[in-house]
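First to last, the protein sequences are chains A and B. The numbers in this note's numbering rise by one with no breaks, and the one at position 56 of the first sequence is 56. The numbers in this note's numbering rise by one with no breaks, and the one at position 16 of the second sequence is 16.
Please note that the accuracy of each hint is not assured.
As the list claims (entries may be wrong) - Calculated Cβ distances over 12 angstroms to all of chain B for the following chain A residues:
#1 Ser147
#2 Thr182
#3 Ala229
To be verified - Lysine-lysine pairs mimicking DSSO-like chemistry, simulated, CA-CA at most 27 angstroms apart:
#4 B/Lys5 - A/Lys111
#5 A/Lys271 - B/Lys48
#6 B/Lys83 - B/Lys111
#7 B/Lys199 - B/Lys111
#8 B/Lys271 - A/Lys5
#9 A/Lys5 - A/Lys83
#10 A/Lys201 - A/Lys271
#11 B/Lys201 - A/Lys48
#12 B/Lys48 - A/Lys201
#13 A/Lys83 - A/Lys111
#14 A/Lys48 - A/Lys111
#15 A/Lys48 - A/Lys5
#16 B/Lys271 - A/Lys83
#17 A/Lys199 - A/Lys271
#18 A/Lys271 - B/Lys83
#19 A/Lys271 - B/Lys5
#20 B/Lys111 - B/Lys201
#21 A/Lys83 - A/Lys48
#22 B/Lys199 - B/Lys271
#23 B/Lys271 - A/Lys48
#24 A/Lys5 - B/Lys111
#25 B/Lys5 - B/Lys83
#26 B/Lys48 - B/Lys83
#27 B/Lys48 - B/Lys5
These are computed hints drawn from the structure, not numbers from a lab. Given the structure is predicted, the values throughout are model-derived calculations rather than measurements. All C-beta atoms in this analysis are idealised placements derived from N, C-alpha and C, irrespective of residue type, glycine included.
Protein chains: 2
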Amino acid sequence: MIRQKRTVFYLSDRTGITAETLGHSLLTQFDGMQWETVSVPFLDDAAKAATVRMQINQAAERDGYRPLVFSTLQNPQILAVIKQADCRVYDFFEAFTHPVEEELHRSSARKAGRSHGLHNNLSYFRRIAAINYVLAHDDGVNPNHFSEADIVLIGASRCGKTPTCLYLGLQYGIAAANYPLTPDDMHVQQLPQAVEHVKSKLFGLTLTPAQLHFIRQERYPNSQYASLAQCQQEIQWQESLFHRFDISYLDATRISIEEISAIILNRCGLKRRLYG
Amino acid sequence: MIRQKRTVFYLSDRTGITAETLGHSLLTQFDGMQWETVSVPFLDDAAKAATVRMQINQAAERDGYRPLVFSTLQNPQILAVIKQADCRVYDFFEAFTHPVEEELHRSSARKAGRSHGLHNNLSYFRRIAAINYVLAHDDGVNPNHFSEADIVLIGASRCGKTPTCLYLGLQYGIAAANYPLTPDDMHVQQLPQAVEHVKSKLFGLTLTPAQLHFIRQERYPNSQYASLAQCQQEIQWQESLFHRFDISYLDATRISIEEISAIILNRCGLKRRLYG
Chain A
1 MIRQKRTVFY LSDRTGITAE TLGHSLLTQF DGMQWETVSV PFLDDAAKAA
51 TVRMQINQAA ERDGYRPLVF STLQNPQILA VIKQADCRVY DFFEAFTHPV
101 EEELHRSSAR KAGRSHGLHN NLSYFRRIAA INYVLAHDDG VNPNHFSEAD
151 IVLIGASRCG KTPTCLYLGL QYGIAAANYP LTPDDMHVQQ LPQAVEHVKS
201 KLFGLTLTPA QLHFIRQERY PNSQYASLAQ CQQEIQWQES LFHRFDISYL
251 DATRISIEEI SAIILNRCGL KRRLYG
Chain B
1 MIRQKRTVFY LSDRTGITAE TLGHSLLTQF DGMQWETVSV PFLDDAAKAA
51 TVRMQINQAA ERDGYRPLVF STLQNPQILA VIKQADCRVY DFFEAFTHPV
101 EEELHRSSAR KAGRSHGLHN NLSYFRRIAA INYVLAHDDG VNPNHFSEAD
151 IVLIGASRCG KTPTCLYLGL QYGIAAANYP LTPDDMHVQQ LPQAVEHVKS
201 KLFGLTLTPA QLHFIRQERY PNSQYASLAQ CQQEIQWQES LFHRFDISYL
251 DATRISIEEI SAIILNRCGL KRRLYG
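Construct the complete structure from the given sequences, taking the supplied hints into account.
Next comes the structure, spelled out in structure tokens:
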């Protein structure tokens, strides 16, 4: 079957993050399509709008279908220019602003750049502090300061601890540390001594042995470290540790960093601080 | 003036990222309000829905106003339970799914967990590679490998290079390195030798001297490093370097990491890879 190809434009006065999130959520619900996406952030003057109108018309001609346009444009003049193009516009603020105004009995400011702007210095410092904490407590570094962590991830090498900690710090302002479970410790059914004092903050990340093998192969092909047998042993050992010490854990096979992070916060009851 | 207080619920079958992003975008447009937000990700069974319905009703009673509910629930039965509560529901898929179906002449899969799911291993590896690249090339480490970077940020200490690089790697899969401009080099109007070979990839980050002073004070109060005079000198020197060597740069004072990243990608024409 030939997939229907459509060009998708994400238009925004500012970063485009909201428009992209909106469009991406919708488009992933449609199978058998081929999307070509064009992000146009900082679309804030009439001349740029006229250029985008032209690009939309060219895409319509090339594809044989009119493009889908996801917009969070706050400026009605710019939106009007875009609407002259051969496209279908889904404007997020148009859909929701009036219904929210109605409920609140207040008018929207209709100003660009509010959702991802910098709200205050306190929130900036808290976020930077969390990022610095993550960087200074990655991969078992400084475990004597783990008591200051909101959460401490544990698991074998390449189970996704570092990217998850970074995401937790950057996106939610969470002070996340991580500590590796290494084959050196496999001879005993004990938690590494360095993390015993933070047992209540521990959260395990695991994978299927096949997925861990696949990921390690990518980096160190045909090594002992990457072998399926080694991966099986490490996973079996760490999961038995998690059970024995009653540590919550998650099988992160085939789930994204966003999902892993959201699941961890949810399970641990950690408060999400929203920046993005 | 007393601010009207409203409780806001973000409800999702999965991570809640889309619901939070959309709701946050709308709410930041309303001034003079006080929001209490409750995120409920992974709302995927009827029992949980009944609990949330009760929480919504309690919030309505406490506040004296019905809560606003931003939803990306794909399951109509769960949404129906929520709608029985005393609240105003803004359901994102309800608003847009039908209009997109109409345009594509296809039905939406209406399945949960697609927007932040893991699409494929290739995309996973690319993202992890970008994160590893950022971590291995932070703060001037390994400049001999900067030729593999998509971009190299330069600027004085505490101008925001590290968080921006992490965000570029994690959110967009961009291999971002950074190199500090240090007072040791201030006696000459030359780029540091280590970054000369990647001049075309350089992008400068700067701040107002007052903001840099404020940020450094937070970390090292009343130090020479944090003094306003020192900050003025460093900023003046680096901006003159940027001009002299025709390096694009951005004043990051009072803009968020999200905005800094979006502006950099836009100015450098770097292709954004969307994960979140």
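Structure-based check of each hint:
no. : hint                : verdict
1   : Ser147              : 21 angstroms, holds
2   : Thr182              : 19 angstroms, holds
3   : Ala229              : 21 angstroms, holds
4   : B/Lys5 - A/Lys111   : 22 angstroms, holds
5   : A/Lys271 - B/Lys48  : 19 angstroms, holds
6   : B/Lys83 - B/Lys111  : 20 angstroms, holds
7   : B/Lys199 - B/Lys111 : 47 angstroms, violated
8   : B/Lys271 - A/Lys5   : 20 angstroms, holds
9   : A/Lys5 - A/Lys83    : 21 angstroms, holds
10  : A/Lys201 - A/Lys271 : 14 angstroms, holds
11  : B/Lys201 - A/Lys48  : 25 angstroms, holds
12  : B/Lys48 - A/Lys201  : 25 angstroms, holds
13  : A/Lys83 - A/Lys111  : 20 angstroms, holds
14  : A/Lys48 - A/Lys111  : 19 angstroms, holds
15  : A/Lys48 - A/Lys5    : 25 angstroms, holds
16  : B/Lys271 - A/Lys83  : 25 angstroms, holds
17  : A/Lys199 - A/Lys271 : 20 angstroms, holds
18  : A/Lys271 - B/Lys83  : 25 angstroms, holds
19  : A/Lys271 - B/Lys5   : 20 angstroms, holds
20  : B/Lys111 - B/Lys201 : 41 angstroms, violated
21  : A/Lys83 - A/Lys48   : 14 angstroms, holds
22  : B/Lys199 - B/Lys271 : 20 angstroms, holds
23  : B/Lys271 - A/Lys48  : 19 angstroms, holds
24  : A/Lys5 - B/Lys111   : 22 angstroms, holds
25  : B/Lys5 - B/Lys83    : 21 angstroms, holds
26  : B/Lys48 - B/Lys83   : 14 angstroms, holds
27  : B/Lys48 - B/Lys5    : 25 angstroms, holds
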